[in-house]
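Put together the whole structure using the sequences plus the hints.
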Amino acid sequence: MDPVTIDTTKFRPVRKKPETALEKLEDTGLISTVLAARERKGLIFLTTVDQVFNWARLSSLWPVTSGLACCAIEMMAVAMAHHDIARFGMEIFRASPRQADLMFVAGTVTKRMAPRVKQLYEMMPDPKWVISVGSCANTGGPYHESYAVLRGVDNIIPVDVYIPGCPPRPEAWLYGVLQLREKIKNEGYGAKWGLNK
Amino acid sequence: METEELLINMGPVHPSTHGVLRFKLRMDGEIIKECTVVMGYLHRGTEKLAEMKTYLQFIPYTDRLDYISAMPNNYAYVKAVEELAGIEVPLRAEYIRVLTVELNRIVNHLVFMGSLLLDLGASTAIMYGFREREKALQLYEMLCGARMTFSYFRIGGVRDDLPDDFMSKLNEFIKDMEKRIEDYKGLINGNEIFMMRMKGIGVISAEEAINYGMTGPSLRGSGVNYDIRKIEPYSIYPDLDFKACVRPECDSYARYMVRIDEMEESLHILRQIADTIPKSEVVATQKYGIAPLTGMPYTAQTYFPRIFIPPAGEAYSRIEAPKGELGFYVVSDGTTKPYRVKIRSPSFCNLTAIPKMVVGLKIPDLIAAFGTIDVVLGDVDR
Amino acid sequence: MTWISKNWTMTGIITGLMVTLKHVLHIGNRPTVTVQYPYERMKLAPRFRGRHAVDEDACIGCGICEVSCPNSTIRIVKYKGRWFPEFNLGMCLFCGLCLDACPMNAIKMDRGYELADYTRESLIYGPDRLLFKKEVNK
Amino acid sequence: MNAAEELKQALPASVVSTGMQVEKPLVLVKKEDLLEVAAKVKEMGFDHLSVVTGVDYVDRFEVIYNFFSYGKKENLVLKVVLDHEAPEVGSLTSLWKGADWLERETYDLVGVRFTGHPNLTRILLPEGWKGHPLRKDYDMSVEQFVTIGEDGEDIVSTDGSNLLRRK
Amino acid sequence: MMIANAYELIVYILTTIGVYEPINNIFMSFGLDDILKIIIMLVEIAILFAFVLVTIMFLTWMERKVVAMVQSRYGPMVTGPRGLLQPVMDGVKLIGKEDIIPEKADRWIFTLAPFIVFVPALLVFIPLPFGESLIISDLRVGLLYIIAISAISPVAILLAGWASNNKYSLLGAMRAVAQDISYTIPLALAAIAVVLFTSSLSTVDIVNAQAGTWFGIIPKWFIFIQPLGFILFLIASIAEMGRIPFDFQESEQELVAGFFTEYSGMKFAMFFLAEYAHLFAVSGIIVTLFLGGWNGPVIPFIPVQITSLVYFLIKTYAVIFFAMWLRDTVPRVRIDQLLNLGWKIMIPLALLNLLITGFVVTAGVIQ
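Protein chains in written order, with numbering that gives the first Met the number 0: chain G, 0 to 196; chain Z, 0 to 381; chain A, 0 to 137; chain P, 0 to 166; chain X, 0 to 366.
Since the hints were made in silico from the structure, they are not lab data. Misleading hints may appear alongside valid ones.
Here are the simulated DSS-like cross-link-like pairs (lysine-lysine), alpha carbons at most 27 Å apart as the crow flies [stated by the list, open to error]:
id : chain 1 : residue 1 : chain 2 : residue 2
1  : X       : K103      : Z       : K23
2  : Z       : K336      : P       : K129
3  : Z       : K32       : P       : K7
4  : P       : K71       : P       : K7
5  : Z       : K168      : A       : K79
6  : P       : K23       : P       : K129
7  : P       : K96       : P       : K72
8  : A       : K21       : Z       : K134
9  : Z       : K242      : P       : K71
10 : Z       : K23       : P       : K96
11 : A       : K42       : Z       : K178
12 : P       : K23       : Z       : K229
13 : P       : K96       : Z       : K361
14 : Z       : K168      : A       : K21
15 : Z       : K178      : A       : K21
16 : X       : K343      : Z       : K361
17 : Z       : K23       : P       : K129
So this is what it looks like as structure tokens:
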């Protein structure tokens, strides 16, 4: 059995590390926020407020501590020194859902756990997001034939980003988080009313 | 003084239950009067699924039982099936198996140490623990391509031989780890607050521990010198020089110290293996049956079609997993799928003692005592 | 409490403080270990089991991978007039059994792990996203 | 002489047959006499009850107890055969406290009743779950859902409308 | 000319640049005699509160960075240069969050409690000398005022815990109150030992008493005369702040999030900010009482107000760093162990310290 020697994926282009002060500022999203707000037609003030709030929200996503199974260990690994989710301001894992913005559904959602996951989600204040991590939470995964497992957490709560993997490696988590940040950029009333297009 | 009894419900989503476990506590003020453990929030029906999968297909599921240390799970299952079918494993494969299992013991104890300290409120130990764990996981990734759910063992051997630069990386890891263990000892072991929290908490005597069916480091913390690696030696353990770590104090601190000592012992074993690993095949070539379709005698190496049929019968095989005695009871009816697989998980049986252990203590003590039992909910609920 | 009066010097805590201070000041091989993901990546091992890829020339569509999959992640579908496997990565265990089972060695697992997506349906990887052609070394 | 023979000599009326399970001595015991035999087994020094397994063989149930002795470092396997209609056997909780949860689990998943058990309730599945999953005749096609009642306990029903999201 | 407090400093500055008289004359001509006085006072208080708020934000950032440094990682990096904008972002986000009041909660008290926690946390700064003449008001009972004001927060915490109607909140609040009460006593006793030397409760007097050096090397800080008092005060104040190893009010692993389990959005932010305001204030008080306040070597040509402010901040941040460093190293003690420590060890020791200090002062060994 030969190890995989070829690499078929074209990596998504590695982001350049910001060096100059301007690039660093750009990397935080401030300039694009301002430019985007200027280009927008319609209610400039509203869209700007939207942009500012979106920026704040995507910069400080506080997850709720809710590990379910195997993926929870990788969730811990994401928060730990090697991967350090704190770089995105996300290391404040709140034990109380009242103070959290983001829920990682990390692990198998069993039938018995499902109402509690739903309850936890409902206890979180708006705006809130859900990332479903791993095969079990996405579709039931390995246990989708089992009598005791819910086939996908999106059956009970809306999911924003799905991260496949069993469990996904920490970089894959971070990639999922980056995808969510991209998504949050385009939210808000302006987007809802068609102004932010 | 008469006080109203307070019912407190800890979990299932609670930061210190290591997953989804629920304690129903009847409290008198801050004192626990009665503790009921409610589990099953992660019950996934693994044993039922085993009846639907072939022997080979069930290997990945064993990874997900005790997800912090998956290699021993692989090993216990594979060993049970091998005993059932009477397969002999080549020596090199045995060495690789012991190597991975001992490495996983270190990983497990690192996570144990970190999460215990996190439960007690110190957030740094877990970071250090996971820093070293990441290094071990890189070794695993070199070996089998995954970080946590390895699916590396095969019936009659292991999936793949060691990669070329594995041994040098392993030696690097061992060298690094020796220094790090000193760090942990400095950070935690002597800490007065830590000792205040752990000494004399969650006491369970040796007789009680045996009666409750506790095994592994939790039992050895009660002074029972019982290590399956020593008492019922399997694999290459008789050839290795190591000792079972025992502490007589019976309390949480003893259980913690046993694990720290075990890390050093495992490092010692790894060092021996790195020196003495022999060269040979890694999958058994012994013939043990006739392929139903082609009529060819086949081995565990037979690739196509990959059907494995052990003779009808039953076997119970157990190993010393990092958390205790992990056993698989496999019943075969002579088809491609096991008739029944029963998992004797160490976490489940060790948890039995918790309600006894915590009566009269306070909630923070419950957390400390529970942390030193070191359960993983995937293993408890299966 | 009697215990603390015996240990009032708090040497254990001071030792612990020294350990953490060594980490703050990076004394003695205790560097910052973070890999800043979007900008840097960790080196992956050659055997890493990530996204699947199917060799277009080698695959014969026999369906052995479908049989060997523990949880029926794989389906054989028709694509460009031939039969190819389709992987539902949202369900996949990434166990590598299909890799071992493939008689033609057509299935590879490459190093792609950046698979996060917004919908569940987009996690089903059909042959259009899985197939690759082996480059011939010149 | 192994432990199985020893046991047969001590209690010839209760032991049906002896044999070997791979390398472990195996004793087939009459189900009525299980408690008596178990007490003898404990007396012989088998202080560690490793596992309790229930197996559904369609026409019968088998419950298998694996013992280990810390003193003698020996294994022993006890086996009882139960009717398929009313699987009932005595509980070993009074001898080994560790048997408590193992028996509850066997009851929960296989459906063997242990008479004399202090708290024979379901342990992994919620109370009210229909059927015992590890029986061969368990109906996998029926979806059962769990909701939380007023008091925080689980309620099992086949109706998931409260839980599931309308898409 | 002696400048006593910040008001006089502002007046002095305005007079030297020649603005004070004309503006005052304008107001006088309208018959509004004291209006300028009031404006200046409002301005100085605004400056103080702005400074404190910015410091709090900085402290949350610093906390996360120190934790990261201890744990071999980077901490906030993406938002702003080295993650400096992180606290701002957190604040803006919390403003935009939904504000949930639980159904069974006591609405009024639930809403009121965060304010009762937050306002005293700011009021503590009024008699705190940030530097030579940089003080809002040099109260003659400054120390008493500080201890009294910080005694309000347990009440608010109890209100918050009670109003949430949640068992965890209530338990957290009860613990916080028990802890606060039992540690205010050794705190005050240790402070009184210092007062015996200065014979004044005014913070400025205490700082002035620590000016100068012995033998030209050792600064005359009270930490050298009162080592036991300093240790007692440090431990008690860490307990008062509710930080690890004494963070029972929000011991995450035991009580989810303690008394603010049910709070969300801006109200939660207030508790959060009050916690850091408390940290800053207590560190400032430690510096004032034991570490010589704003005393330090005089540098020529730079106004003493600036150098003293810098000295004060350096010392305060050193104390804050110590608190953060300690937090990252040690686990949490148990609540009954904490109370035992407070009542059975710290209070007797503090009394002993007071006794010895009394003898020393009466005998006139020092000073």
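* Honestly, which of those hints from before does the structure not fit? -> 3, 5, 6
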